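S.K.: For reference, the chains in residue letters:
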Amino acid sequence: MGYLRQAAPCYKIATIMQGIALAIVSILFVVVAVVVTVSGIWWLPPLASNWGALDTMLIITLIVTGVAFIGVNVALAYFLWRYRSRQGMKATFLPEHHRLEKWLIVLTGIGIVILVAPGLFVYSNFIRPPQDALVVEVLSQQWFWSYRYPGQDGKLGGVNPKLINADNPFGIDLADPASQDDVLISPGGQLHLPVGKPVLLELRSKDVLHSFYVPQFRIKMDTVPGLVTRIWVTPTETGTFEVLCAELCGIGHFNMQGHLIVESETEYQKWLTEQPTVSQTMGATMK
Amino acid sequence: MAQPASKDEVHVEHTGHHEPTSLWSKYIFSQDHKVIALQYTITALLVGGVGMVFSWLIRLQLGFPGQFSFIQPENYLQFVTQHGMIMVVYLLTALLLGGFGNYLIPLMIGARDMAFPFLNMLSYWTYLISVILLFVGLWDATGAGWTLYPPQSALPGASPGAEWGIRFMLISLAVFVASATMGGLNYVTTVLQARAKGMTLMRMPLSVWGIFVAAALALLAFPALFVGGVMLLLDNMAGTSFFIPVVNLFGRQLGHEGGNPILFQHLFWYFGHPEVYIVILPAMGIVSDIIANRARKPIFGYKAMILSILAIGGISFVVWAHHMFVSGMNPYFGYWFAVATLAIAIPSAVKTYNWLLTLWKGNLHFSTAMLYAIGFVSTFVAGGLTGLFLGNIVVDVPLTDTYFVVGHFHLVMGVSAIFGIFAGIYYWFPKACGRMMSEAMGKIHFWVTFIGAYLIFFPMYWLGFSGVPRRYYSFSGIDTLPPSLNGLNAFMTVVALVVGAAQLVFAFNLIWSAIKGKKASANPWQATTLEWQTPTTPPPHGNWGPNEPIVYRWAYDYSVPGADEDYIPQTVDGVPARAGAKR
Numbered sequence: 001m002g003y004l005r006q007a008a009p010c011y012k013i014a015t016i017m018q019g020i021a022l023a024i025v026s027i028l029f030v031v032v033a034v035v036v037t038v039s040g041i042w043w044l045p046p047l048a049s050n051w052g053a054l055d056t057m058l059i060i061t062l063i064v065t066g067v068a069f070i071g072v073n074v075a076l077a078y079f080l081w082r083y084r085s086r087q088g089m090k091a092t093f094l095p096e097h098h099r100l101e102k103w104l105i106v107l108t109g110i111g112i113v114i115l116v117a118p119g120l121f122v123y124s125n126f127i128r129p130p131q132d133a134l135v136v137e138v139l140s141q142q143w144f145w146s147y148r149y150p151g152q153d154g155k156l157g158g159v160n161p162k163l164i165n166a167d168n169p170f171g172i173d174l175a176d177p178a179s180q181d182d183v184l185i186s187p188g189g190q191l192h193l194p195v196g197k198p199v200l201l202e203l204r205s206k207d208v209l210h211s212f213y214v215p216q217f218r219i220k221m222d223t224v225p226g227l228v229t230r231i232w233v234t235p236t237e238t239g240t241f242e243v244l245c246a247e248l249c250g251i252g253h254f255n256m257q258g259h260l261i262v263e264s265e266t267e268y269q270k271w272l273t274e275q276p277t278v279s280q281t282m283g284a285t286m287k
Numbered sequence: 001m002a003q004p005a006s007k008d009e010v011h012v013e014h015t016g017h018h019e020p021t022s023l024w025s026k027y028i029f030s031q032d033h034k035v036i037a038l039q040y041t042i043t044a045l046l047v048g049g050v051g052m053v054f055s056w057l058i059r060l061q062l063g064f065p066g067q068f069s070f071i072q073p074e075n076y077l078q079f080v081t082q083h084g085m086i087m088v089v090y091l092l093t094a095l096l097l098g099g100f101g102n103y104l105i106p107l108m109i110g111a112r113d114m115a116f117p118f119l120n121m122l123s124y125w126t127y128l129i130s131v132i133l134l135f136v137g138l139w140d141a142t143g144a145g146w147t148l149y150p151p152q153s154a155l156p157g158a159s160p161g162a163e164w165g166i167r168f169m170l171i172s173l174a175v176f177v178a179s180a181t182m183g184g185l186n187y188v189t190t191v192l193q194a195r196a197k198g199m200t201l202m203r204m205p206l207s208v209w210g211i212f213v214a215a216a217l218a219l220l221a222f223p224a225l226f227v228g229g230v231m232l233l234l235d236n237m238a239g240t241s242f243f244i245p246v247v248n249l250f251g252r253q254l255g256h257e258g259g260n261p262i263l264f265q266h267l268f269w270y271f272g273h274p275e276v277y278i279v280i281l282p283a284m285g286i287v288s289d290i291i292a293n294r295a296r297k298p299i300f301g302y303k304a305m306i307l308s309i310l311a312i313g314g315i316s317f318v319v320w321a322h323h324m325f326v327s328g329m330n331p332y333f334g335y336w337f338a339v340a341t342l343a344i345a346i347p348s349a350v351k352t353y354n355w356l357l358t359l360w361k362g363n364l365h366f367s368t369a370m371l372y373a374i375g376f377v378s379t380f381v382a383g384g385l386t387g388l389f390l391g392n393i394v395v396d397v398p399l400t401d402t403y404f405v406v407g408h409f410h411l412v413m414g415v416s417a418i419f420g421i422f423a424g425i426y427y428w429f430p431k432a433c434g435r436m437m438s439e440a441m442g443k444i445h446f447w448v449t450f451i452g453a454y455l456i457f458f459p460m461y462w463l464g465f466s467g468v469p470r471r472y473y474s475f476s477g478i479d480t481l482p483p484s485l486n487g488l489n490a491f492m493t494v495v496a497l498v499v500g501a502a503q504l505v506f507a508f509n510l511i512w513s514a515i516k517g518k519k520a521s522a523n524p525w526q527a528t529t530l531e532w533q534t535p536t537t538p539p540p541h542g543n544w545g546p547n548e549p550i551v552y553r554w555a556y557d558y559s560v561p562g563a564d565e566d567y568i569p570q571t572v573d574g575v576p577a578r579a580g581a582k583r
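Chains Y and R, in that order, are what the protein sequence lines are.
First residue of the first sequence: 1, per the numbering used here; consecutive thereafter.
First residue of the second sequence: 1, per the numbering used here; consecutive thereafter.
Here chain Y stands alone, though its shape is the one from the complex (with noise of 0.2 Å):
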């Protein structure tokens, strides 16, 4: 281990050339994000529903932090090449500077502001679903999902999770005339939308939390056993989609994928009348 100590001389240079590396090394992270990011090798999957506010929002985001990013850098970069240390160099005694200062925090705050505004805005669109939403109960547990739909009424029956059994695995208040006509998907099956009409999803578990997230929908929400969460949107693409879980929930978590079918409202249409309702499936144990 010797020559560790040997080293000496030479590492004024060495030291030296450690602020040359660091700056060149921070450009280079700059140059690299820059690139990937332009050539999009890595983005946002295609965008398959009205929630292209939220894209705008990502890229805001993206330019205003990357130029922040850059200007650091660039600052940092240009620092520690400028200000590394030689033969008889001196640093300034400067301790502060109020008018600098300033400026620095007014123009965070206007970047802030740029992003917050902006992105409450979009956020009070996405909390309040229209009212004429088609509404679906999306319904989790460990590692599926299943699916009701509210039937020629339009309204989904009365559910309560005590009365969940092997023959009720929705837990369904038969008693309740609304859940005659609601059609049940059971766990593993597809959900079907219509596309171009806007979907109020209503989302409950059976045992642990799970997450319901569709990548070219951009929307993700958890759900919670006890209660009932909300997320809405409008598929405006046709075509088949993953369902994914984004929730932690068990060892199956990474294998709960469902599948989602956007279709024309006729398709749509065809293929809900032709789903057995609960008064047919669970006629028998309605009495």
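Every beta carbon over 12 Å from chain R, so not counted as near; a handful from chain Y, in silico:
no. : residue
1   : Lys155
2   : Ser264
3   : Lys270
Here chain Y is said to cover these stretches of chain R; the calculated rule only asks that three of the stretch's residues, wherever they fall, bring their Cβ under 8 Å from a Cβ of chain Y:
no. : segment
4   : 326-336
5   : 395-401
What the hints contain is simulated information worked out from the structure, not anything from laboratory work.
Owing to the predicted nature of the structure, the values given are computational and were not obtained by experimental measurement.
Ideal Cβ placement from N, Cα and C applies to all residues, glycine included.
With chain Y fixed as given, assemble chain R onto it according to the hints.
M.R.: Only chain R this time, still in chain Y's reference frame:
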């Protein structure tokens, strides 16, 4: 007593407790803050090593799925849970408060020891018990994630290890809270009551300020974890229903009723968010002092730095539910928590500007400590800016629970805090051990770790944009995700292993330098602060010998115009008075 007072007796008068003579009381059950600091540091580093091994196991599965048959989903989730808990609580919190807090507070404020030395000793041994309890729990899987969300964590059968794995973890956390409370009370009291003559609050080094505010946050935040943990343990073991509503698990009704899972999340994050700052504020303070010293320049905007520490500390208690934007809580909460969260960016930005402006017109010396301090600023910015995505609800919704979040918190509080720790260790090692650390090994350690950290965590942002969910054992069969994900994951895993190997260089450097390192002078960095003005290095029991230091100036009189040297220690009175005396 006819005999002249021995050195010991003079000493006892000042410290209030005897200098220990036996090996046992000197190194094991010591009440000396410096020994306790080293005990905390060594224990936390070893525990952190275990946490790092867990991160390798996680990475092996992600990089080379299916290649390692011993990593099954239940082990994988155990590694994820233990890695998170160990790193946040048992490494970062313990090392920054217990290690640096203990070492630096008395030395930097000119005290002879902590206000309550016995309590201090008890704090360490309680911490050690909590570590042992955590490790005993390793035989069971513990797969609920470090956030321990019920019902999964409370229902045996819902999750691997929801029996003894979780129970040991909860009991260990409760013990840790007891330890952190004893420590926190000590740190806060010592800073308020035991400062040397002339050491006003507005003359304290920022390291002390950061640790002081972090200790206060810990005292206010940890009780929420304690309460949540106790209730969760009761739900788990005694069948209560604090957090468990009616639940049907695999077709079985469990008999719980009336609880609310979201309540736990509020309690957890009421602790969990300040916890982020409990970890980062001491690191910020340490980095501020090192940058000022190595730039040979006063820290820029000292008062603004203190105000932003206080602002961050205060606001950190009212932002917690930004972790819960899609949890199903009342959606109107979102407005407040988004605004408060983005507001906290302002004091954080002020700190970043001030570090940069301290470098501006400085005389920069790139020792390893300085490299890590600058590394801290770099990763804090790279990680902190993405907080502006996650704090703004509508941007958070697509990104939350994806790798974007993993990249964000690893850079901003994991890597940054660790860099703060490394900077501090390279900087204060000569004082603690009386020998210099090897700069050559230090630089190898820095460059591999710094570049490696970026290569591991930076790509995670783009994975997050692509929608890759976190805490997934495997991504096979998911068509939405980009296929290039696998190659990238393998690359990140290889880098993680290389970075891990670099930590062995660090460990070797610590041991080698402690034994064979170059003898350190009393003040090798030519620093102004009190810990470098002790009569001997390492400082003696009681720190100051017969005379306690008197403080005449602030901690940052570097390159004062008209002074002969480019630093004036805080203990120097008089000329040139211009800069220091009025502060």
